[in-house]
Amino acid sequence: MLSSIKKYFSDIYNGVKSLFTGMKVTGHYVTHPSEIITQQYPENRDTLKMFERFRGEVVLIHDENNEHKCTGCSACELACPNGTIEIISDKAIDEETGKPKKIIDTFVYHLQMCTFCNLCILACPTDAIKMAQTYEHSVFDRSELTKVLNKPGSKIMQGIK
Amino acid sequence: MGFSIYDFSDFINNIHAFLSETFSPVAGNIIGMVIVAACFLGFIALLGLSLVYIERKVCALFQQRLGPMRVGKWGTAQTVADIIKLIFKEPLMTKDSDKFLFNLAPFIVMIAPVMAISLIPFSKGLQAVDFDIGIFYIVAVSSIGVTGILLAGWSSNNKYSLIGAMRSGAQIVSYELSVILSLLTIVVLSGSLQLSVIVESQREGWWIFRGHIPAIIAFIIFIVASTAESNRGPFDMAEAESELTAGFHTEYSGIKFAYFFLAEYVNMFIIAAVGATIFFGGWMPLHIGNIEFFNNAMDLIPPVIWFFMKVSAIIFLLMWFKWTFPRLRIDQMLTLEWKYLLPLNIMNILLMSIVVLTDFHF
Amino acid sequence: MEEVAQNIETQEYFINMGPQHPSTHGVLRLMLTLDGEIIKKVEPHLGFIHRSIEKMCEKDSYQQVVHLTDRMDYLGCHINNEAVCLTVEKGLELEVPERVKVIRTIISELTRLSSHQLWWGVMGMDLGAITTFLYGFRDREMITDIFEETCGARLTMNYNVPGGLMFDIHPNFQNRTKQFLEHFKKKLPEYDELLTGNVIFTERTKGIGYLSKEDAISYGVTGPSGRASGFSCDVRKKNPYSAYDRVDFKEILFMEGDCFARYQARIAEMWESMKIIEQLIDNIPEGEYKAKTKAVIKLPPGEYYQRVETPRGELGVYIISDNKKNPYRVKFRSPGFSNLSALDKMARGFKIADLVAIMSTLDLVIPDIDR
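Protein chains in written order, with our numbering: chain A, 1 to 161; chain B, 1 to 362; chain C, 1 to 371.
Please note that the accuracy of each hint is not assured.
[As the list claims (entries may be wrong)] Straight-line C-alpha distance at most 20 Å; calculated DMTMM-like pairs for lysine to aspartate or glutamate:
(1) K130/A <-> D168/C
(2) K59/C <-> E67/A
(3) K40/C <-> D96/B
(4) K186/C <-> E278/C
(5) K147/A <-> E67/A
(6) K24/A <-> E278/C
(7) K351/C <-> D331/B
(8) K130/A <-> D63/A
(9) K331/C <-> E9/C
(10) K206/C <-> D331/B
(11) K275/C <-> E303/C
[To be verified] Quick partial rundown of chain B residues pointing at chain A, CB under 7 Å, derived from the structure:
(12) C59
(13) L61
(14) R65
(15) T324
(16) H361
Note that these hints are calculated values from the structure, not bench results. Glycine residues also receive a C-beta, built at the ideal position from the N, C-alpha and C atoms.
Generate coordinates for the entire structure from the input sequences, incorporating the hints supplied.
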């Protein structure tokens, strides 16, 4: 009888004590506003920088002469699990040797189908494509997500085979 | 007009006399009532807006967030924007719901706090009605709200709502007892049910200090029980977001939902106000015995400010509970009431009676 | 009184919990038969997020299969990737460099930590303490930052390729991981203060959803949920893969088999994971990050099976190859599916609120169940 009464009150005491332990933790954060972790996203656009390996979208690297390294070998197209990349190639004559060779006409990239798995980048033999660190991809019309990666008038760099 | 921030009784009496002279005494009374009612409606609307904002900010602080920041400076206009959104939303209704009761329920839920708020003494002389059974009236009126919740759950024709409503019924009916008994503990000390008399009786010190141990126990029980009565976390079984989606107001949208939301916050204010009045002296400044200079210094702060400071402190405590603790289960909640709070409460009243009889209080 | 109760005609109460419900963690539909608030029967209905990943694997090359497994148990995606890679490596009889093994183990344990952190937050939220959700995510954010810097993505990392890793670890990786461990060692006791010791929490979880050891074995409940019932099933101990054979850690076993034991098992696993990372983080051997593989991988004809320990339990990958560049058949033994099958057994006789607690201690990830 006495022990059960003792247990009754010790239960109350321990229960209330455990509640205060929890309140101490949350109370700590109220009194320490410097530990707030919120990042105010659209406002911090200028300072927000992604890590260099972050996979935002696939881009075709162009240098200042508007030249890229893509030979149109379509290794990336084969490596892609989702049919995200479509390379439409054209036939041209090599100026030096006079032999026919393959060049890209349009490098189509469907961003809406991409799962950002990085396999195309690994597959590329000439390192012509890379992942850009962009992260704002929302558009009003789905067709805007289908992109042509080679810039107008661009051509392949010298010496890339 | 004799306006003074420290004592409103002259100001109110002057207005009353002015109205009675200008119109007939009966018409003057009626106009006075209308003015008071309009003031309260405005106050409740303002209260809802500000409390929702405060709750969101306080909750954010507990969770290491910033809370609303976009609308207005520091997000201050966020709740206004929310209300505008709620007003323009379509009031949806389930197909086989009981239309009359469904529309009635939000108003019944709202009636209870509006009736109770008229009894709160905001400052000296600033009290709409001063019944001599004030506490009894507040407790009686605040339990009307449960009818609204039951109606809402029943008429929604939604099984989740019904479970929520039934839980709420069981909860409020049982926790009412603890609220009343914990308030009675202080009534034993003060010897009156009239709120103005209770406030006046704390001129030499608040009851929570003068009544020492039994008063503190009574306050803890009051806070726990009234949190449960207002359906707030950790006792939000009627809503139980993770179990019943939204409990009794699952099917409500637009402005009808806003009524439930508003009622919750006004209820919270009333709990805090009653708690502050009974345990912390209401608008009475902090007085310690007969130490003249200290009491005079405290009197310099207007009573209205004292009242709202105490109320905000209790509201903060309620929010602290909600944002720290997990929710109880319905049977555990009833166990807590019938096995712990109620016996403790009865023992506490006995203890308080002994304290009063032996004059063992300050 | 009892006579009256017998004469009243009562009905069983039927409720649809889900597919849109806050605590089914996705699109799981539970058909509940209730007596008042007491659960008589739970019937889980699946298929709302079925994407036929196993079928899709059949058209993909072995490199491409890996990225699909990110979408199964998205909270333990690295471990899923690793499972596929280990199976393929088994088929190729390829020995991966030591460096790869150690890095895979570290990242697996980080994944486990991040998954358990999210589970802890969600568990608190299911029981009504919303603040824990934010605290869990706060600490998880540091791990996702580590992942983003090294693997390039926060959730669907796809860091493994058959034969090794996609690229070497980032130079900051070790520093960041050590910083995280230091931070989390201070924060994990807070988890205990907020929930473990809390009287409301212990009342809600102790003795709820009991699962005996025999039932755990017969339903195939693995992972922390199984080990909380005393079923010793840690693949990392029983069948070590990667670098688990050279680290010192305990297999967490509890005998109670209730929600609180499952909760404690996961909290204790977080400490063990930190211990494993600490042992390995300074001892990453130098070497290649990828073994040499052919551009087109063809497995010799046959059947290959590999099991790994994900945060939720045992994941098995079964591949049948017919010497083509894509598998003939792929089957995943997902832990969530078997764990869910025990839900009815555990929930009967308890209340709706308990069902929520039971589900959150099972740590269900619906895409893992449906695939």
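Taking the numbered hints from earlier one at a time, note which ones the structure violates and give those numbers from smallest to largest.
2, 3, 6, 9, 11, 12, 16
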